[in-house]
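Asks: Sequence:
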Amino acid sequence: MASTLLMRPEIDDAMDELLNDFLVETAEHIDAATMELVCLEKDPSDRALIASLFRHVHTIKGTSGFLKLPRVGRLTHSTEALIGALRDGAPVRASHVTLIFAAVDRLKDILAEMGRSEEEPAGDDEELVVALEDATRRARLGEAEPPAAEIAETDLAAPLAEPRAAQPPNEAHAAGVAHIGETVRVSVNVLDRLMGIVSELVSTRNRLLELSSAWAGGDEAMSSSVQTLSNITGDLQDAVMSARMQPVGRLFSTLPRLVRDLAHDLGKKIVVTTEGSDTELDRQVIELIRAPLTHIIRNSADHGIEPPAERARIGKNETGVITVRAAYDAGQIIIDIADDGRGLDVARIHAKALANGLVGEADISKFTDSELFEFVFTPGFSTADGVTKVSGRGVGMDVVRENIQSIGGSVSLTSRYGRGACVTLRIPLTLAITPALILTSNGSRFAIPQMTVVELVGVGDGFEHAIQYIHDAPVLRLRNDVLPLLDLSTTLALGRPAEEETRDGFVVVLRVGAARFGLLVETIADVQEVVIEPLVSALARLGVFSGQTILGDGSVVLILDPAALLEHGGLQRLAERPAEAATPEAFTPRAEKTRIILVKAGPGPLKALPLSLVLRIEDVPRERLIPSDGAFVMAYRDSLLPIIPATSDVALDRPSSPILVLSGAGQSMGLLIEDIVDVTDEILDLQRESNSPHILGSIQLGGEIVEFLDATYYMRIACPAAVARGVSKRHRILLVDDKAFFRDMLAPILGSAGYEVTTAASAPEALSFLRKGLAVEAVVTDTDMPEMDGYNFARALHELPGLADLPVVALAAQAAPSVLAAAKACGIASVTGKFDRRALIECVGRLLDKADTAPRDLELRIMSELAA
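Numbering (this note's numbering), first residue to last: 1 to 868.
Just so you know, these hints were derived from the structure itself, not from any lab.
C-beta atoms are modelled at their ideal positions from N, C-alpha and C, and glycine is treated no differently.
Incorrect hints may have been included.
List time: in silico BS3-like cross-link candidates among lysine-lysine, alpha-carbon distance up to 25 Å [claimed, not checked]: (1) LYS42 / LYS108; (2) LYS772 / LYS739; (3) LYS824 / LYS850; (4) LYS593 / LYS772; (5) LYS68 / LYS108; (6) LYS42 / LYS269; (7) LYS316 / LYS269; (8) LYS108 / LYS61; (9) LYS739 / LYS593; (10) LYS316 / LYS42; (11) LYS824 / LYS316; (12) LYS352 / LYS366; (13) LYS772 / LYS366.
What follows is a set of in silico ranges between Cβ atoms, one per label pair, in the way DEER data are often shown [unchecked claim]: (14) ARG479 / LEU615: 19 to 29 Å; (15) GLY267 / ARG616: 51 to 61 Å; (16) ARG140 / THR273: 29 to 39 Å; (17) SER225 / GLN814: 44 to 54 Å; (18) LYS366 / ARG846: 38 to 48 Å; (19) GLU464 / GLY773: 21 to 31 Å; (20) GLU567 / ARG846: 47 to 57 Å; (21) GLU310 / GLU756: 42 to 52 Å; (22) ASP629 / ARG416: 47 to 57 Å; (23) ASP265 / THR378: 24 to 34 Å; (24) GLY418 / GLU143: 42 to 52 Å; (25) GLY234 / ASP124: 52 to 62 Å; (26) ASP526 / ILE232: 19 to 29 Å.
Throw the hints in and build the complete structure from the sequences for me.
Replies: Now the structure itself:
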């Protein structure tokens, strides 16, 4: 019978608030209890887990009694009694955990209905309560449990899978229990309203900034006030965004139970491990990616992980592992879902694609493995032998990609047959406010999310690049790639005059997953933080826009969807497979220009740094700089920012000074300078190495000598903990790292040591250089890269003709024993830290000296290749 407490007319707002608090707190207790049950199943002897479970259920029971919720009270009382018997020393059996799981699931259903109807639902839990009481009696008397078939007949919960290896129970328990600090519960509706108000404030701020810049009177007080308002608005925006952020651990906490149930349904042994649970993401985004993540996990369990007998036969551990990792990367969150299963069978995908008529035999023979993997995202495509209740219907991965792309993200897939597969999700931190590039085409303005923009390239008169045509299709030759182009005016039918033959303007190079392509526009108008508003239905049907926004001048512009543009233009294959150039006998990539910032610091020559190392530029009043330990600190975004003068003779008598905020290894620091002189693109060729520890060397720009600063020197002083975590003839070094930050930091270090440096942004790009004939004496590579990690890259390059003995230095955060073992197994000669300038130079020099005198007989080379 339903409780009448919640329906009595005298219930006031205070009781409604108590009920809401009860629902929220009970949901937290249930989530924690669910994780602890999974851990208890792995280690039934953990008394701490049993005691914690008892506290959770006891708390729910006590509160339900206060609110007069008899159904919840009776169910929790019976559950508490069983857990109490286990706490008093009765052995934990599989049937006990199953019954407690059933009780927890029943509580979830009751709470869900209470949240909808605001009253305890009617219902009879007699069967479950009797089973719990019977199990309690047997546990206290030491009687044997009934047969498994008899337990199954009660249909209370699925039977348990076999125990599985996992992380130590104490660690798992500590990670899964929520710790409640001094917090105040705030309704999600309040946060959403705050976000809406801040969004309007940001739009108004942008409008004021535009009016201020056009202020004819040059009123300094007006400009200063608007700038102050802008800073306050930015701080308020950061604070509200922070309040909306939640750790993805709340999403990950449901995965152990999901995988447990899948393992039982599929008759497999599977565990799930998570990394980066403290990575924070907007609450709205977490909810939107919950379903795609669940589907990928189900696919990994069903298609990826082999049955225990098959894994044992091929030498694998009988227990399969699904690993879910989350990390920040360039304003996005990267979530990797990897398994150590069988991987994707390229031959079966090839045959299925032909059978479904998706491609012809002549065309598919030219496909790479990565292109074949794209068929997995085709609607109705499945290589499963049959349909199960878990998967096999060919419905899902296409929906996963569509859902992720609808929030401005992307999905990519990598696999090695027999080793496993990895699905990578790239998703934005938030859907509310984002930096955007404002561009124009044929007189119309549009916005495009900055996180998808790789670079801007000027084309036509006055620029070194020009648009070319291959079979009447426009392309851009950019360094070693041929990028397909979309003319925005033509794509959107904006009415470009037919007689207009010239193609001058800018190409916005965009990245969508593994694909890169160019968008031809007329001008780049601005970069603004824009408030994303949903499209009206008429515009949503066009399919190439993801939203709309109001700019500072009050005009409404549409936000372009890069993924939709790529699909609309039919460029997927071209963008993911750049055209092959003719192989020259001796290939030397064009020297890459680096964007540098020129600054004045002290009475000597101008100083320079790569602009990519600079996170922000702040103008800081002198009174905010507090002397500390020979340098300065200042309060900055709810933390202390260490400030280091760029030189010992920087002028400190000014009312305010520019600060370059540098970021690396998860920490930030400020570099104190006097003035910002210019930003320019230059080919870095350090012509003289310096003896000063903070100077890498000197370069000549426009007839002036410029000293190039060593960012790692200042980081070692300001952030010693970050550094502790980890960084002749002219030999050519190939530097491979997917992050521009580290390429721009390490290339000058190697250059100042006398080496010629060629950089590559990925392992496949580096392999392409080497296949085309690039001659190098050593390779320096990051270990953790998205498309191909450094270990597999080392193995792949050693398989290329003539490169079996090429020295490879790996860059890692720490030279842990596992890192050293993996490096040795893959033929990597040495491992060093990214921020350890001296160790890197010494390591490369030692390997090159050794390579010059090393024996090169056939037997040693063959043994090296076999070991790799």
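Asks: If you check each hint against the structure, which ones fail?
Replies: none
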